[in-house]
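Undergrad: Protein chains in written order, with UniProt numbering: chain A, 1 to 514; chain B, 1 to 354; chain C, 1 to 332.
I should point out that these hints are in silico values taken from the structure, not numbers from a laboratory. All the pointers check out, no bait thrown in.
Heads up, simulated DSS-like pairs for lysine-lysine below, C-alpha to C-alpha not over 30 Å straight-line: (1) K314/A / K276/A; (2) K276/A / K325/A; (3) K483/A / K288/A; (4) K284/B / K404/A; (5) K404/A / K379/A; (6) K202/C / K188/C; (7) K404/A / K387/A; (8) K226/B / K276/A; (9) K226/B / K326/A; (10) K226/B / K404/A; (11) K202/C / K318/B; (12) K387/A / K288/A; (13) K284/B / K379/A; (14) K379/A / K226/B; (15) K288/A / K314/A; (16) K379/A / K454/A; (17) K226/B / K387/A; (18) K239/A / K58/A; (19) K379/A / K369/A; (20) K226/B / K325/A; (21) K226/B / K314/A; (22) K284/B / K226/B; (23) K387/A / K284/B; (24) K226/B / K288/A; (25) K483/A / K276/A; (26) K226/B / K369/A; (27) K284/B / K369/A; (28) K239/A / K404/A; (29) K454/A / K387/A; (30) K188/C / K318/B.
Estimated spans, in silico, between C-beta atoms of each pair: (31) Y46/B / D258/C: 13 to 23 Å; (32) S312/B / D258/C: 23 to 33 Å; (33) A61/C / D106/B: 24 to 34 Å; (34) S312/B / L105/A: 40 to 50 Å.
Keep in mind it's a predicted model, so treat the numbers as computed, not measured. Think of the CB as a built atom: it goes at the ideal place given N, C-alpha and C, for glycine as much as any other residue.
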Amino acid sequence: MTGAPPIVEMTGISISFPGVKALDAVDFRLFPGEVHTLMGENGAGKSTLIKALTGVYKIDEGRILVAGEERHFGGTADAQAAGIATVYQEVNLCANLSIGENVMLGHEVRGPFGINWKATHRAAAEVLATLGLEQLDLRRPLDTLSLAIQQLVAISRAMVTRPKVLILDEPTSSLDANEVANLFTVIRRLRDQGVAILFVTHFLDQVYAISDRITVLRNGGFVGEYPTRELDRTTLISKMIGKDFATLRSLGSERQSHHYEPRGEPLLRTEDLGRKGSSEPTDLELHKGEVLGLAGLLGSGRTELARLLYGADKPDSGTVWLRGKKTDIHSPTAALAHRIAFSSENRRDEGVIRDLTVRENLVLAVQAKRGWFRPLSRKEQDALVRKYLTELNVRPADPERPIKLLSGGNQQKVLLGRWLATEPDLLILDEPTRGIDVGAKAEIQAAVAALAAKGVAVVFISSELEEVVRLSDRIIVMKDHRKLAELENGPHVTAETIVAVIADEGDDEEGDSE
Amino acid sequence: MTDVASRLAAKRGAIVRNQAFWGVVAIVLLLAINVISDPGYLSIGYNSETGHLSGNLIDILRASAPILMIAVGMCLVVATGGIDLSVGSIMVVAGAVSMELLSSMDGTTGDAVLTLAVALGIATALGAVNGVLVSVVGLQPFISTLVMMLAGRGIAKVITGGQNTTADNDSFAWLANGYIVGVPVVFLLAIVIVVLVALLVRRSALGLMLEAIGMDSRASRLAGVKRRNLQLTVYSASGLLAGIAGVFATASVMTVDVSRTGYQLELDAILAVVIGGTSLAGGKFSIGGAVIGGLLIATLDKTVVFLGIPASATPAFKAIVIVVLCLLQSERVRSLFRHRRALRAQSQKEAVAA
Amino acid sequence: MRSIPRVARAFAVTGALALGLAACGGGDDDTSTSGDGGGDLVTVGFVAVGPEGGWRQANEANVQDTFTEEAGFELKYAPATNLDQRSQIDAFTSFVDEGVDVILLSATEGAGWEDSLRRAQEAEIPVILVDRGIEPDDNSLYVTRIAPDNYEVSTSVAQWAVSQFPDGGNYFVLEGPAGVSVVNERNKGWDDTVSSVPGLVKVGAQTANWSTEEAKSVFETVLRANNNDIQLVFAQNDEMGLGAAIAVEEAGLTPGVDVKIATIDGTRPALEALGEGRLSFVAEYNPLFGETLLEVVNQVLDGEEVEPYIVVPSETFDSPEAATAALPSRQY
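Chain A extracted, bound-state conformation:
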């Protein structure tokens, strides 16, 4: 931050993909010992810029200087050798290997008889210790851990080579507040050691908590570089998206002042619904047109409860009444037939089918519901696709594009379209706004509000308490796989209210890491 020359200096970087200018004359500087946040909506070019730096993409124009020398890397491995390590948004680890093996993968300590596992594990332990994760059992297989811990393991893995530049592409998107604080401690320690940290996130609070400087991109173009303390939130957001912020604000206040009076028979009622080991017996009620928020920390049992409601996991206790009738929902197929839809928190593995097109992804659930022998005609498909691509503002609105080429936010919108196309009476959304940009988030929240207004019952799950509070009519607070409290939402309820409920209950317990 002082007079030191930048470790990374990119000037006039342009990259074109067929039909799109992904980056247009972007400048970017990164100094040793700073945390520099890259901000912008999805599709603004943040990931492209990172990939240009690490050599995954070839740049068409511009110069990249690393430590004063012009460099063009051949890929992440090449970049890593030059001291630039990257941790991507989606965890890319080997689920069947242990934590220690994952951390040291490719950097195992070798002895005269092949890999020296003892030394390897010792090295892994050291790395984990610098991240404050020494409590983790190195020999535990990765797939037994929550996404959050996996993310921390991924970061530990990047630290093995002691890089001079650490790129963190949305590392916090699946972490809870505790874990984020933990991570920030480590980031600050690294910064103080002189590591330059490039940080990408969507959480404004985190930007202000950790970063020294901000570079804002919009639509592949360079908006500006600002010291964090000179840029207030409203300005930052308006620089990123300009117009959408006001909508988001008004939506929040509108929903919260809206008070839902349940009338008549509930759409869904459960009694002692539970499953051993994942969900304690739970009672809940849900009415038409109501948004029910499920709040709680990661691992509190929100997802597990939602999966039971959808039949994604089989409940082993309790009863479900749907529209007043006792109903057995034993599989997703059955749930869809009863007009229940569920959008999983795990967009990559349980949501989109990456190699199918936007159209195919969107019609999949409707088609599955009809059975394969009653195909939707091309015309019907086109009508559905056009309807939801427009309604949800999916960009690009090209139905024949493989969905993997869309940004996370747009993938999420297509998924929402998939479930809406089944015309559900009950829609369960598990973390629908995780890891997507503010604009797409606002659009999805608006869509949820519109659905409720049309009489659809919505179960809304999010780690972002503000969001739950903004959207829900009623909030169920969960902890340790059980329902802790049920709150009527209203102007008096805030995120702090919910935190207080969780904290009061859990004074005597240790931190919930899973």
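With the hints as your guide, set chains B and C onto chain A.
TA: Showing chains B and C alone in chain A's frame:
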């Protein structure tokens, strides 16, 4: 001008990237080699003795019919991310059932129809057993169908009492050896069946569902795709198609050879599917590609005989053709070639400049 | 209605599969041991070929019918899985480990038996080769080989061919799988005689793996490649000869007139075809030598010396009449 040229180039790129394209190239090359060895190779004559069209191409079409059947079945199974190693054994079971039944009957057309129904019924049932093992019991496809591959040949031996059974039934033999307006019945049947399957898969949503399962079975389950039913359907269909292949193979000589009929044909089927550009990892599949793969294998088999390649060198010859083909299909190898071409062009340019 | 019960059996097997496959993993219970066998029975391990064709069927049934408990033997019959040598070596090894009194071996492939045979020698278990020889033919590794002489049989076919085509002609050979000793021996017997006749021209040889279906497919292409200009086919077994006959008929030619087909084995379907004129010559390769085998086994067990190669005599059939005369008494 340049716009048109670049669009043409883009189109050409798409065709070259289409893996089945290389299968077609290989067929054309093999035929060309045969033509060099005998300029009359491609001629199709009219045999006045028998009243049929005859020629090497007709022979290839006839020989390809059983492979086409099992390749199409395999293609559907592979799309779901599975594999069916039992097709060769189901072929021999269908053949054994046919020959045993026919050898005890009088040789009427009615007998042939009845036999066909029973043989195909049993083949479908064996396929369904595979389907149940995979979808309901949850065994790995490789293991379930491997068991069926071993058991199937055992069943065939039980049916024929270990012998190679021979039978007489002109209607049944007609399926494999007959001609309609000069064209072999067996090839017409094969093409009709392939087209029917392709229409069924692509006009209904079956194709999409199979691909969804093959690409991401968890996501498709949550989307309400009925994995079990679909797996049961494809393995049964693969059994049925293998049964048809078994009928074709045995009807051509009206003999079932319990240790040779359909022996190792599952490998040919897998090869045909892969040549056709369907990944064994599941997902996107191409029935047209599998057909090209099947035709290529038949052409290869016939070429080996036509050129009189010594028996001991035959496997090596087939292996070389297939390895070269797979290399050409590999994106990495192709980009290597492109790279070298570019380098050469560049060095030429530099040479000119200098 | 002979076969209906078999089909019914198949249904039963299919049903049992559906129920039991998941659990058991499909055992192959072809290995039939003759039950309780008292201590005084002589144990004979028979490493056999298994289903391959009519000839083999007759041969192995004949051996099984000879070494009965009444005759004082317990025969352990172990056929190969799909003609795979690996499965034969496994069976052989387990017979050595069990310590049977004698091993009978019909090898699916000639090469690769040295180690197994040495193990048997170390265990002092005499090995008698039945029909198929081994390569290289090291007769210190086994006691004796009992077989019809392939060389002699194929020589008899060749002599017939030479007499039929005094003016020469084009011929084609349908072989068994490459590398099998039978194939080599039958090739040698044929070539040694035919090569001395300049008019007989070999247009080619291909394997059809002993199979009718493959022989038909191969020969139809061979006819095309040679514009039907082939007068003689030497098929190394009956099944392939029958396949060639079908290919000849489909090409619009008449077997026996345009193309003469000679085969080796002498199974019933081949003799029937000979009777109809579709085949022209069938050389028997006599499978029924169980009695001779029994004598030899007894001699070996008594410690007597035996010849290293015992030839089983075979007949030839060169006319429809000869075939018709032989058919009623044909057992295989």
